Amino acid sequence: MTSPDAEAQCAQLAELIRPRLRPDTVLVGIHSGGAWVARRLREILELRNEIGLIDVSFYRDDYGARGLHARVRPSSIPFDVEGRPLILVDDVLYTGRTTRAAINELFDYGRPASIQLAVLADRGRRQLPICADFCPWKVDLDPALELVLSTDASGRLQWSLAENAHA
Amino acid sequence: MRNPQLNANGELTHLLSTEGLPREVINHILDTASSFLKVSHRDVKKVPLLRGKSVFNVFFENSTRTRTTFEIAAKRLSADVINLDVTRSSTAKGETLLDTVDNLVAMHADMFVVRHAASGAPHLIADHLRRLGRNDVHVVNAGDGRHAHPTQGLLDMYTIRHYKQDFNNLVVAIVGDILHSRVARSDIHALTTLGAAEVRAIGPQTLLPTAMDKMGLRVCHDLRTGLRDCDVVIMLRLQNERMNGALLPSAREYFHCYGLTPAMLALAKPDAIVMHPGPMNRGVEIDSDVADGPQAVILPQVTFGIAVRMAVMGILAGN
Chain D
1 MTSPDAEAQC AQLAELIRPR LRPDTVLVGI HSGGAWVARR LREILELRNE IGLIDVSFYR
61 DDYGARGLHA RVRPSSIPFD VEGRPLILVD DVLYTGRTTR AAINELFDYG RPASIQLAVL
121 ADRGRRQLPI CADFCPWKVD LDPALELVLS TDASGRLQWS LAENAHA
Chain S
1 MRNPQLNANG ELTHLLSTEG LPREVINHIL DTASSFLKVS HRDVKKVPLL RGKSVFNVFF
61 ENSTRTRTTF EIAAKRLSAD VINLDVTRSS TAKGETLLDT VDNLVAMHAD MFVVRHAASG
121 APHLIADHLR RLGRNDVHVV NAGDGRHAHP TQGLLDMYTI RHYKQDFNNL VVAIVGDILH
181 SRVARSDIHA LTTLGAAEVR AIGPQTLLPT AMDKMGLRVC HDLRTGLRDC DVVIMLRLQN
241 ERMNGALLPS AREYFHCYGL TPAMLALAKP DAIVMHPGPM NRGVEIDSDV ADGPQAVILP
301 QVTFGIAVRM AVMGILAGN
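Residue numbers (full-length UniProt numbering), protein chains in the order written: chain D, 1 to 167; chain S, 1 to 319.
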């Protein structure tokens with residue numbers, strides 16, 4: 001698979017979101033890939049509102065099997081969630097479990113007016129009734145592979161494939 | 001030798017002491033704690049991590065404050081918390097420590113938070129659980145005799161890291177009754193592992209253990225000399241019973257020689273922080289002007305303590 005240009009996909013994703021933006025819409029990125037994408041979207045869409053960042057480690061459903069190992073980064077929601085339209089941003093949508101955890105966490109900050117989901121890539125094979133509202137790239141991959149978003153030396157976003165350690 | 005705190009995969013399964021805790025394990029706890037700190041600022045101060053787990057606070061020695069901080073931490077992780085005042089029930093009726101533990105395991109305990117007057121009691125319980133093959137049940141030492149109080153040690157490290165960022169160039173002074181202090185021991189081991197440049201033990205001869213210099217400490221009997229140019233001052237509580245035990249002439253005499261007054265604190269670096277594990281004896285080990293002054297971080301220690309205990313329980317229960 002030749003990986004598509006992740007930066008170009010961010011621009012496409014921004015154009016999908018643009019018509020649905022409201023003045024009080026805020027983006028919430030899921031650490032770490034979703035946080036990068038949310039920052040790009042905020043620049044391209046010239047949003048004045050600060051973005052929120054969440055780490056779903058404390059809400060994951062595989063804690064019993066995996067424990068708390070990965071480095072947990074503090075969530076930061078620098079705005080009142082109550083009554084706000086939110087767009088949750090992640091790099092990859094796959095089983096839907098991360099999205100479920102993120103929605104649960106957001107509700108512990110308040111009751112948002114709405115939550116929409118924006119992702120760069122949708123791998124299908126969902127295990128929960130969750131779908132993306134905005135997505136520029138649908139791709140079907142072998143479950144043994146992990147689709148990883150990272151930044152190169154110059155800070156550009158790029159895709160790569162890795163062995164999935166948990167498959 | 002096997003590290004009794006780690007499981008076969010090298011993961012933290014019990015927290016018994018800061019001694020022998022690898023640096024990366026300490027840093028993982030402190031990093032995780034900073035995420036939990038944010039949880040306590042939210043409207044809903046709870047995460048679902050330990051939902052359905054039962055945490056038993058088993059205190060063979062009274063300590064309302066420590067028990068409460070563990071209870072708050074466990075509740076913020078959504079665990080069910082059961083407080084047992086064993087001194088007044090099982091132990092009073094003659095039950096042995098391990099029989100008490102077996103009974104609680106039979107009630108499906110997932111974690112024990114243990115305070116005991118005897119050094120090594122939590123280790124004994126952890127060892128017992130290992131022999132039973134119950135690797136899914138975890139032990140947190142909430143203070144055992146003069147041995148260790150690891151969560152206090154870790155929350156002290158969190159506090160120092162919060163204000164000073166890096167341990168490499170730090171001079172830390174621990175002042176007071178180090179002989180009887182499990183807090184001091186936990187701090188010293190953690191500071192050594194994290195690479196503090198210099199740790200000083202300050203106190204009268206009667207309250208300092210012998211051979212402290214073998215732990216890599218600089219021993220000072222004079223507070224003035226000991227405080228000079230230090231970055232962190234950890235004051236220890238002077239327990240009243242020490243006065244009766246002929247180790248000290250009087251509380252006034254102690255305050256005169258080892259009490260932290262603004263004049264004494266002025267000898268430390270201008271940005272030095274003052275810590276105390278609580279409860280404080282104002283006018284015995286610390287002057288009110290220092291305790292309430294701008295350099296004191298005693299109340300932030302309490303706040304950080306909840307987050308650190310959440311991190312410890314969160315990490316243990318997942319391993």
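Each hint should be verified, as a subset may be incorrect.
[Stated by the list, open to error] Derived list of chain S stretches under chain D, where covered just means 3 residues or more per stretch with a C-beta under 8 angstroms from a C-beta of chain D:
#1 47–59
#2 92–104
[Unchecked claim] Sample of chain D residues facing chain S (criterion: CB under 8 angstroms; computed from the structure):
#3 7
#4 10
#5 63
#6 74
#7 78
#8 79
#9 96
#10 109
#11 148
#12 152
#13 154
#14 156
Derived from the structure by calculation, the hints contain no laboratory data. Since the structure is predicted, the reported quantities are computational estimates derived from the model, not experimental observations. The C-beta atom is built at its ideal place from N, Cα and C for all residues, glycine as well.
Results for each hint:
{"no.": "1", "hint": "47–59", "verdict": "holds (count 3)"}
{"no.": "2", "hint": "92–104", "verdict": "violated (count 0)"}
{"no.": "3", "hint": "7", "verdict": "violated, 29 angstroms"}
{"no.": "4", "hint": "10", "verdict": "violated, 27 angstroms"}
{"no.": "5", "hint": "63", "verdict": "holds, 6 angstroms"}
{"no.": "6", "hint": "74", "verdict": "holds, 5 angstroms"}
{"no.": "7", "hint": "78", "verdict": "violated, 11 angstroms"}
{"no.": "8", "hint": "79", "verdict": "violated, 13 angstroms"}
{"no.": "9", "hint": "96", "verdict": "violated, 17 angstroms"}
{"no.": "10", "hint": "109", "verdict": "holds, 6 angstroms"}
{"no.": "11", "hint": "148", "verdict": "violated, 22 angstroms"}
{"no.": "12", "hint": "152", "verdict": "violated, 26 angstroms"}
{"no.": "13", "hint": "154", "verdict": "violated, 28 angstroms"}
{"no.": "14", "hint": "156", "verdict": "violated, 27 angstroms"}
In this structure, the earlier hints numbered 2, 3, 4, 7, 8, 9, 11, 12, 13 and 14 are contradicted, and the remaining ones agree with it.
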